[in-house]
Amino acid sequence: MSVSFTRREAWRNRFLILPSVLLLAAFVVYPAGFAVYTSLTNEALSGPAAMNPRFVGFANYAKLLTDQNFWRSLAITFWFVLFSAIIGQLVLGLLSAMLLNRRFALRPLVNAIILMPNAVPEVVAALMWASMLAAGEYGTLNNIVAWFGVDPQRWLTSFPLTMIIIVNIWRGIGFAMILMTSGLSSISDELYEAARMDGANTSQIFRRITLPLLVPTIFLYLLVSTVSTIAIFGLVFALTRGGPAGSTELVGIYIYNQSFNSYQLGYGSAVAVVVLVFSLLVGMLYVRALKVDV
Amino acid sequence: MAERPDTPKTAASRYGLLFVISLYCIMPFVWLLTAAFDPGAGLFLEVPAKVDLSNFFRVFQEEDGLLWLMNSLIVCGGATLLVLVLSGFGGYALSRTHAWWKRPFLYAIILVRVIPPTALIVPLYKVMLTCNLAIAGVVRSVVPPDYVRSVMRFVGFIDGYLGLILLLATMHLPLALWIMKTFFDSVSREYEEAAIMDGATFGQRLRRVLLPLAMPGLAASGLFAFIAAWGDFLFPLTFISSPELKMLPLGIYSAFLRDSQIDYGLLAAIAVIYTAPAIIAFALARRFLVQTFGGGLKG
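Going line by line, the protein sequences match chains A and B. The first sequence begins at 1 in my numbering and counts up by one. The second sequence begins at 1001 in my numbering and counts up by one.
Note that these hints are calculated values from the structure, not bench results. In this text the structure is predicted, and so the values were computed from the model without any measurement. Don't be surprised by glycine CBs; every beta carbon is placed ideally from N, CA and C. Be careful, since some hints might not be right.
Stated by the list, open to error - What follows is a set of in silico ranges between Cβ atoms, one per label pair, in the way DEER data are often shown:
1. Ala1012(B) <-> Gly149(A): 17 to 27 Å
2. Pro1243(B) <-> Asn143(A): 30 to 40 Å
3. Tyr1147(B) <-> Leu65(A): 49 to 59 Å
4. Asp1064(B) <-> Asn69(A): 31 to 41 Å
Model the full assembly from the supplied sequences, consistent with the hints where possible.
So this is what it looks like as structure tokens:
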């Protein structure tokens, strides 16, 4: 290939990637930078600050440190991620993957059923669970627990955080199962055979072979699901809008409520920057863990 | 795992556990499907006295169901199309180039993927507002005043198709770029080089060689972009307020929030209409899931 040809190709490549770069710059990079700037002002959508936002330095961040509601939303987000993504989805996804590791007639059907919640749009998931968790003796979950002699509960009022965790676990088992299935299939049968020859029982095989060899898959899954669970908005917003009394106000919902209901853009941005920095840190871990070959 | 026959006890616990997990996964769907076909549906799961399609007819006759569906299709279809074009070309360039910006750019798009959209929503609102004002200025100077509103409906950034299409496309572009880059990495350069030797221009190479080869990659990135855009709730909630631009997720959300008696049969029917394309797209995308997210990122 001639030099001029190579040069032409190089220019064409730059030209081909340019529209993507421009869009990402306009709608992601610039807003991210702008969030940092806004967080240093007292900008608001209403009140005196709306007309004439002032630079306030780190005042918003100082306010964050003493804001009970902010810490509460961080705590809620932490428990939400821990119990739904890290524990619930992972355990049930791994369990499903292992249980479905054997051929049987209904396997494709069970597989599809477990994956289905993953395909449902957030708002629809919220609607379905509003019916499941409906208060009163005719609510579906109340009907189910009645078999075990439990009295009807007002699920979303009495146990709001537990309920949104259950809803999110429901939504994510399928994705965890898919990743775990691919992880399991890369473990060679010979290892299992050898272990059985040596007289290992099922639980020993799981602890000494399956689990250690799944560690890379699990680690990858944890990074991906942590990031995507922090980003959850619609599922919980449509179901509870953060209530009752802020008990399901995940940090994403907190930002939204601060910015668009309390109109405190500057303060909302400070919260956003905290989330941004944390997500980017997890993202960098992810880049390193993947050992991305580019 | 090698297939050893289950002992009766193992088999019982295996199928018992799977039964419980399946029940957990499928229970919420039971109400949705029952209520959609039950003209007298309520919030509670019950055996319908009568089963018909009247809820679905009402979605299109009494509510603006058709409008919501069309708006969703226009916005998500537009965003998907844009993602396909941009990621097809961009992924190709990323795969073929050896320039210094390749590595930083690829790292950057992974980091972009992990940013929660809620963290960007405030500055995005301001960006969209600024763009909207600029465009409104241009539109007003070109279009007669009577038509400004209807033109803005298409090219506006707030309460307009264009802004939402660009925004949704951008949000789902990084994953698509990644998929296409990885895909083109696996496509041998030899086909292209043969075409270059035969004196084919870039346009000819594109049509005859690259496009046919890229189809599986484009299918994957298009499906993931569509699923993500279709299910998105935050952006329509923030950037759409006029009734004539309402999309399906907003239609459901607002019907659900209505203070007066909520018509659950109608709501369930809208939800079924909204969910069907998502499930179909997901079923098609399933075989790409592992290869995409095993090394890529979750959508």
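Here is what the structure says about each hint:
For Ala1012(B) paired with Gly149(A), a C-beta distance near 25 Å keeps the hint of 17 to 27 Å intact. As the Cβ distance of Pro1243(B) to Asn143(A) is approximately 37 Å, the hint placing it in 30 to 40 Å holds. Between Tyr1147(B) and Leu65(A) the CB atoms are about 52 Å apart, so this pair conforms to the stated range of 49 to 59 Å. Checked against the hint of 31 to 41 Å, the C-beta distance between Asp1064(B) and Asn69(A) comes to roughly 37 Å, which is consistent with it.
This entry satisfies every hint, going by the numbered hints stated previously.
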